[in-house]
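Trainee: Protein chains in written order, with our numbering: chain Z, 15 to 177; chain S, 2 to 128.
One or more hints might be untrue.
[Claimed, not checked] Taking lysine to any residue pairs in the SDA-like style, the calculated list, with each CA pair at most 25 Å apart, reads: (1) K39(Z) x L80(S); (2) K93(S) x G145(Z); (3) K74(Z) x F79(S); (4) K39(Z) x G67(S); (5) K39(Z) x A57(S); (6) K93(S) x V65(S); (7) K165(Z) x E111(S); (8) K93(S) x W63(Z); (9) K66(S) x V32(Z); (10) K32(S) x I87(Z); (11) K165(Z) x F90(S); (12) K93(S) x T117(Z); (13) K32(S) x A84(S); (14) K93(S) x T41(Z); (15) K93(S) x E120(Z); (16) K74(Z) x T77(S); (17) K66(S) x V40(Z); (18) K74(Z) x H153(Z); (19) K32(S) x L25(Z); (20) K66(S) x T41(Z); (21) K93(S) x L114(Z); (22) K93(S) x Q163(Z); (23) K39(Z) x V65(S); (24) K100(Z) x I56(S); (25) K39(Z) x I56(S); (26) K165(Z) x S87(S); (27) K165(Z) x H71(Z); (28) K93(S) x H153(Z); (29) K74(Z) x F81(S); (30) K93(S) x L74(S); (31) K93(S) x P157(Z); (32) K39(Z) x P43(S); (33) K165(Z) x L55(S); (34) K39(Z) x D104(S).
Think of the hints as simulated: they come from the structure by calculation, not from any bench.
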Amino acid sequence: MIRRIFPHPLLSVVLALVWLALVNKVTPGNVLLGAILGLVVPILTAPYWPRRAKVAHPLKIAEYGLVVLWDIIVANIEVALIILFKRNRDLRSHWITVPLDLTSPEAITVLAGTITMTPGTVSAMLSADGGSLLVHCLHTDDPDGVRDQIKSRYEGRLREIFQ
Amino acid sequence: MEMNIIVEAIIAFFLVIAGLFGIVGSFGMIKLTETMQRLHAPTKATTLGVGGVLIASMLYFLLVKGDFSFHELMITLFLFLTAPISAHFIAKTYMQANTRPSDLPDTEREYGWSIYDDPPVRTDRDE
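Okay, chain Z solo, but in the shape it has when bound (with noise of 0.2 Å):
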């Protein structure tokens, strides 16, 4: 009966949280107004989200954060430097195949979100079965060095967050 009602108690939460941000003030109309949001839009849209993910180590995600944020910094300069100092017959573009251990369908948004955030890579498709990432790479020497850090630097900690 409780999981009906509060299909995903997080998404509530970060609903609520949002359109506080949103309107700007703090009152008793908005926390309502956010509440009820909250409440009302994960019983409407659970029907295309029938699982619940797990997620756990709210450290380990500060961690992820600040690791993903950093690499976004690195990756726009690395991109800028290769933007306007390569000549395009220079560029050495790959396709990179990234398997995968992680199966949860959010952890594996997560992390092709965050390989088209950073350093030169856009996650293109996903195998048919969900087991693997098709990875563009902007210009690299070395593929299976670019594939070995996704699944070190990123792929590992996800896998400790969503388990």
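Keeping the supplied structure of chain Z fixed, place chain S upon it in accordance with the hints.
Mentor: Coordinates of chain S only, in the frame set by chain Z:
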């Protein structure tokens, strides 16, 4: 209201950084030739471009106007949610029309890439 010169310098620094990355990202769209390569420019070089403007705006309202605004954080959140997803859609649409399975590396699985191959039939519905 008098604006502290240091505060002004910091805000200006973030604005200039943001402008630089924004223009490099847009330049990349023109300079690179392959669609998949061009996808890299807007998904990354502009993240810091937009991010810099948002940091500058936050600092301005916090240090000069004296009130804190959550809107910049929300823009960051929505940007991080939408940028990878739209890049993924563009990549898939492009590949649907322009690449063959032989152009791509092997999946190292029993099934091929999802635009060419059907997913396995589910038999283990747990509900």
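Trainee: Is K39(Z) close enough to A57(S), meaning Cα to Cα at most 25 Å?
Mentor: Within the cut-off at roughly 21 Å; holds.
Trainee: For the pair supplied as a hint, K93(S) and G145(Z), confirm whether the alpha-carbon distance does not exceed 25 Å.
Mentor: holds, 17 Å
Trainee: Checking one constraint from the list: CA of K66(S) to CA of V40(Z), max 25 Å. Satisfied?
Mentor: Within the cut-off at roughly 19 Å; holds.
Trainee: Against the 25 Å threshold, does the CA-CA distance of K93(S) and T117(Z) hold or violate the hint?
Mentor: holds, 21 Å
Trainee: Check whether the Cα positions of K32(S) and I87(Z) lie no farther apart than 25 Å.
Mentor: Given that 25 Å is the threshold and the Cα spacing comes to 22 Å, the pair holds.
Trainee: Between K39(Z) and I56(S), is the straight-line Cα distance small enough, at 25 Å or below?
Mentor: Status holds; Cα separation ~20 Å.
Trainee: Within a Cα-Cα threshold of 25 Å, do K74(Z) and F81(S) meet the stated pairing?
Mentor: holds, 19 Å
Trainee: Is the hinted pair K74(Z) and F79(S) satisfied, with a Cα-Cα distance of at most 25 Å?
Mentor: holds, 22 Å
Trainee: Below or equal to 25 Å on CA atoms is what counts here, so check K39(Z) against P43(S).
Mentor: violated, 33 Å
Trainee: Taking 25 Å as the top limit, are the C-alpha atoms of K32(S) and A84(S) close enough?
Mentor: holds, 21 Å
Trainee: Quick one, are K93(S) and Q163(Z) close enough, alpha carbons at most 25 Å?
Mentor: holds, 24 Å
Trainee: Verify the proposed pairing of K93(S) with T41(Z), using a straight-line Cα cut of 25 Å.
Mentor: Violated - the C-alpha atoms of T41(Z) and K93(S) are around 44 Å apart, more than 25 Å.
The structure does not agree with the numbered hints 6, 14, 18, 19, 24, 30, 32, 33 and 34 stated previously, though it agrees with the rest.
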